[in-house]
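Here is how the chains run, residue by residue.
2 protein chains.
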Amino acid sequence: MATDVSHNGIETQQDRLLSDNPWFKAEHDIPAEEMLELTSEIDHWTDIDHTKRTKYEDGSTIDWLREEGAERERQQRLRSQPGLRGLLLPILDTSTMWLIVVATGVGVGIAGAWLDVLVKWLSDLREGRCSYGFFYNQVACCSGLDPGEICTEWRTWSQWLNVQSILGQSLLQSFVYMALAVAFASSAAVLVQTYAPYAFHTGIPEIKAILGGYVFDSFLSGWTLLIKGLGLALAVASGLSLGKEGPLVHVACCMAFNLSRCFKEFRHNEAQKRKLLAAAAAAGVSVAFGSPLGGVLFGLEELDTFSNETEVMWRAFVTSVIAAVSLQYVDPFGTSKLVLFQVTSISDTWRGFELAPWLFLGVVGGILGPVLIKLNVAVAVYRRHSMPNDWPVLEVIGVSAITAAISYLVVFLRVQSSELVANLFQECDPSKGDYHGLCNPTAMWHNVFLLTLTAAVKIILTAWTFGMMIPAGIFLPTIAIGASLGRAVGLLTQGLYRAYPTAWVFSACPPDPSVRCISPGFYAVIGASAMLGGVTRMTISLVVILFELTGALSHVLPIMISVMVSKWVGDAFGKGGIYSAWIAMKRYPWLPSVEYRDKGETAAHVMRPVEELVLIDSSQCTLHDLDVLSTDDRFYGYPVVNAGQLLGYVNRDKLRSSIEPLLSEESSSGTSPRCTFTRNVSSNEADALNLSPIMEKVVVQLRKEVPQELVVNMFQKLNVRHIMFTQAGQLTGMLTKADVVEFLNAEFPYAAALASTPRMVESFFR
Amino acid sequence: MATDVSHNGIETQQDRLLSDNPWFKAEHDIPAEEMLELTSEIDHWTDIDHTKRTKYEDGSTIDWLREEGAERERQQRLRSQPGLRGLLLPILDTSTMWLIVVATGVGVGIAGAWLDVLVKWLSDLREGRCSYGFFYNQVACCSGLDPGEICTEWRTWSQWLNVQSILGQSLLQSFVYMALAVAFASSAAVLVQTYAPYAFHTGIPEIKAILGGYVFDSFLSGWTLLIKGLGLALAVASGLSLGKEGPLVHVACCMAFNLSRCFKEFRHNEAQKRKLLAAAAAAGVSVAFGSPLGGVLFGLEELDTFSNETEVMWRAFVTSVIAAVSLQYVDPFGTSKLVLFQVTSISDTWRGFELAPWLFLGVVGGILGPVLIKLNVAVAVYRRHSMPNDWPVLEVIGVSAITAAISYLVVFLRVQSSELVANLFQECDPSKGDYHGLCNPTAMWHNVFLLTLTAAVKIILTAWTFGMMIPAGIFLPTIAIGASLGRAVGLLTQGLYRAYPTAWVFSACPPDPSVRCISPGFYAVIGASAMLGGVTRMTISLVVILFELTGALSHVLPIMISVMVSKWVGDAFGKGGIYSAWIAMKRYPWLPSVEYRDKGETAAHVMRPVEELVLIDSSQCTLHDLDVLSTDDRFYGYPVVNAGQLLGYVNRDKLRSSIEPLLSEESSSGTSPRCTFTRNVSSNEADALNLSPIMEKVVVQLRKEVPQELVVNMFQKLNVRHIMFTQAGQLTGMLTKADVVEFLNAEFPYAAALASTPRMVESFFR
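In order, the protein sequences belong to chains A and B. If you're matching positions, the first sequence starts at 2 in this note's numbering and goes up one per residue. If you're matching positions, the second sequence starts at 2 in this note's numbering and goes up one per residue.
Certain hints may be false.
You can't tell identical chains apart in this list, so a pair holds if it fits in one copy or across any two.
Listed below are the simulated BS3-like cross-link pairs for lysine-lysine, each with C-alpha atoms no more than 25 Å apart in a straight line [stated by the list, open to error]:
| # | residue 1 | residue 2 |
| --- | --- | --- |
| 1 | K718 | K698 |
| 2 | K698 | K600 |
| 3 | K265 | K705 |
| 4 | K600 | K265 |
| 5 | K718 | K587 |
| 6 | K718 | K705 |
Derived from the structure by calculation, the hints contain no laboratory data. Note that the structure is a prediction, hence the values are computed from the model and not measured.
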């Protein structure tokens, strides 16, 4: 008879109850006291046997308190082992955790390096090939040459195929360029669509939701890891307007997830798993930007899971460092540098008048950021309700063809975005050559026009690309847009200075315009910070990432100012960056960490009043009632009351697995037995089936007069799943995390526009 | 009769009750319904009239929820003003806040710059004076010279006084050096002792406590500001082993506090005031280290007040930037640089074998950090119970004389600590001269010995100095200790390399030892990070401060590794940095943010059970009872129950001011009237004095089965002042923040060793 209870956390106790056949026996044999004794070992905080726990289904939200409790319980069991085992097991346990942390760090570092190599080779392939080996990229092919020597081993396709005519050469080159772009992009899309549909997009919104407690295991599967990595390399190499940063965070989390599955303590504890994932995410950023500190701060600010948990932050710190060390050790480009876009030869000081163009860039970033977000949201919503929704691969082919065609025409766009950004950040140095003619002072207006065009094209392409069926990050395109605009403003300022070197605004500069006074390369950095600030609304982590990316530490103040201004301006057009927009559109149960301010409302305004709740009344329920209830109202659980007095909370899964074996007997016997949830069974209820062992005590109770602000705050900071409101013990209402999320997202116009089901987050209410 | 209620927040209502003479009239005239109506406007969240609020006394802890509620209420009142006022007043309100933020930033920046100038002048005065003006420091005096020209305007004292004999010169110089050191230190001590006793020490432990809710207004007074600033300059100039960083944070907070007092909204709201102080503290660090980002992160990690409040972090960000910009604008040393200890010419790459000495430095820092903390704690406890406690100025004179004597003998100690650190961080560069002979390769052992001696002397001097009756920071001495040790290890490594350039460990270096491979200056940076990590146990903010301080961005990985290792090693000798130790010794009600892990205990183990509580029983109390209770048991407030059922909580101040005017009448009438706290006054209680308006509803109630961990977590994250435990509405116990603090500090051996009273934190229990 007890065949179906094996998934249940309280199996042992339940088995005892069942073998004793409590409800039939209790009528005559077992006095209330003994029943009390039978169940008194069980408690909410100890009733979870970690080896066999109810598994959360994808789409649900974990109960942090329960998971933490289970972990506490497990730790205690380890420590209480007799003798040497009690000493060694906890050490082994901690070592396991650090093993996973180190392995994840090393894995992410190597994956990042491997990805760089792959991307470099694939994108070089669009131009030509190495004569002595197909698998060498241009740099590797031409290595070992003396300075000044010309590399003859690397051949463009027209050289390789011996095309002589100029027209034929350029036609062939552009054809191969575009054909390979489309081929790379479409194979990425096919891979994603066929093997791992969750490997598309950046992954950061999902990671944020998962770290907040959302259960989405298929998002982190081994297949997703593989396809996201491979697809990312193909997508980046195709020259589409996307970056590798966000997806690398996803890849890092997949790694940690799959590693952690090998160990029982993480496989069975969703909270512990999430703490590992947070560390892995930091390592992802660390490798993506070569910014170990930025990774930790990104986790702190943007992912916002370990806000107060020093332990997790600490783990992220270690993972981040190890990942960066691994990346530097593998050293994919032989430079031994973590700094990706080294800003060279910027002057150590900056002049007061430069604040004006920088503030202007801040404002521009603050305006264009929300424009990019709104465009992207509009495209995403349009895509959902039109043709591309059914033919995602065709969309990718089309967009990559258009991107390749446009990119081939605009000189700044033809190179990889990362190369473009690196060039825009460089100061002009006669000894190092001219980047795309940027350093030609007579071509200023031409350059400014081209740069503005590049930014405009990039905004449109990025708004469309971010959300297609390929892995795609938003960071690099945003940096490229901002850097183009920044460089343009820098060139204009420089031009102005060259035209009027003695004007009073330039009095801080030397009057001789041939002396360098304005560094347009640094204006590009400022532009990039402003644009990133507008799109992501990050603050501190952004500043740290930016100067770890560029090495421009002496200019930290201007970077901070531009991020500050662009966030201010951006927030005027609507709070929240692009990730929040996607979370709201996908309706993930993620609580924004923004400080919510009510206008004097109390919890009574948001809570579900007791009349709307599906309750179990302990004083008058039968087994049949419970069966009907738990079949009809498939909520996560139900509050239990006794004459209005709140007793506790029963999880639906637990309830089902407890009552299901009894139901068959019930139908045979004909009458439905009474059930009770009170422990102190009074004499006239001694014949009732005592279900109190499966009931959880409700630990946090509030009065409904509490300000909304405080309730939202509790959900944000304490990771509770639901809060009950009582008045002198009487249940007056209830509020779940899902309700709070919905409530906070209500203002966003496209909330839930992309949710896969109308109710992705389960609610407790009819 | 109503003369004594003016301090009371509910004056208006109370006045109405009084003018109606409720308890005499109620017997016959006022029906229960009307009384209900009279009081129904009052609610816990709205009963605070912000213009007249109960002032917290120094030594108490603020009620965050109450303060936040008052602020919410005030905001609403502003917005609900009719017409244009409702639009303009909130804008004016926000502007006020930003005005204070900007003014604080500018003020801190200027104060920092002014302090630098003063210190430079005073400490130069110990060597000599400028011939054409007493108030010029050496640099200002010798400015305007061509390179190579010798400065003749700056004269040492022996030159000035025309002392000819060598012996006379050195005797005079050393005498002036020591005499001025003692004079500076003792005047600082006299100033502090006479005018502002709270201006001694670093101030960070107190700031941490204040930001956490401790009320300590005299700590932030205008006098303290003045004396701390002036005393700090004198103390630093005296050459004692102390730094200006911590005290600058204190100065910044004093500024913000005194600025905020000019505005009603901050004067009357302790929570709002604290949010401003957090921003000011960040600005203090920003100016002290020239590290705007480090300031924000210091606030985030060490002060830990705005962990989740983006609004406050944002404000800190702005204040920090403005302070740094002001400092850079004033530019006290004409370098236009924020980076204080620029690390020059370190090679861009580092070699794998260098990890070994760096790890060693990490371990050393992790051991010496706790040693310094333990020494310092021992000295502080000894000082408390011996002579220096009564003669603090004499102690300062003695220590400064000893410090000056030793410093004059050891070459590295004779200069200011900041100069020493700057020199230790420098690489040897033949064109720039030799710092104290550090670059002489033949004097390696001599240098190593001197550096180790310097570190040892500094540890002892710092352990004694930090806690004397003068303003003193711990950062700079710690950096100096670490830098000395780091440089010593660097010199040893370099010596080893020079001796065996072809050994396999050095295979990554060029075999020619004349080529630079090892940079001892960077070893000093690593040593400083490790030592700081061991003493403060900060992580991320420390790394950011360190590379903002040195500009060594390319070496962020080794810095992170050394901080990591030293924290790991340090934590093995006891959790918590030096600030936590002082907080525990002084018994401030500050909750460490460390994640507390219980061993399966529940809240029942720490809470005070209901039997030990001083309760008000609404069903059977008289005015006389309340009088006796609130006179005998001077707690912050009392839980109110009705037959065991929890009704609410009454603040003692409110209770006193409500009942005091009635007591005189009571004594004249002879009988003591009944009091009730229930609103729905039943018919047989209609003659009772209804005190329910002054009762607060208890919003957060827990079951006592909650794990300890969760309760501690709630206190840490939700800023609650106390938590009530109930079971079906029945009060079972109570826990206050003070109890939790005491509980968490219980392990620390010297807890409360320096508390000014045996019970600095008030408790709720007998």
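These are the hints, each one checked on the structure:
Proximity of K718 to K698 under the C-alpha cut-off of 25 Å is found in both arrangements, the shortest distances being 21 Å within a copy and 22 Å between copies. When the C-alpha separation of K698 and K600 is checked against a cutoff of 25 Å, the pair qualifies only between copies, where the shortest distance is 20 Å, while the shortest distance within a copy is 32 Å. With identical chains, the CA atoms of K265 and K705 are never at most 25 Å apart, being 41 Å at best within one copy and 31 Å at best between copies. In this assembly of identical chains, K600 and K265 lie within 25 Å of each other by CA distance solely across copies; the values are 21 Å between and 47 Å within a copy.
In the homo-oligomer, the alpha carbons of K718 and K587 lie at most 25 Å apart inside one protomer (23 Å), although the nearest pairing across protomers, at 29 Å, exceeds that limit. For the homomeric pair K718 and K705, the shortest alpha-carbon distances inside one copy (19 Å) and between copies (21 Å) are both at most 25 Å.
The structure fails hint 3 only (numbered hints given earlier).
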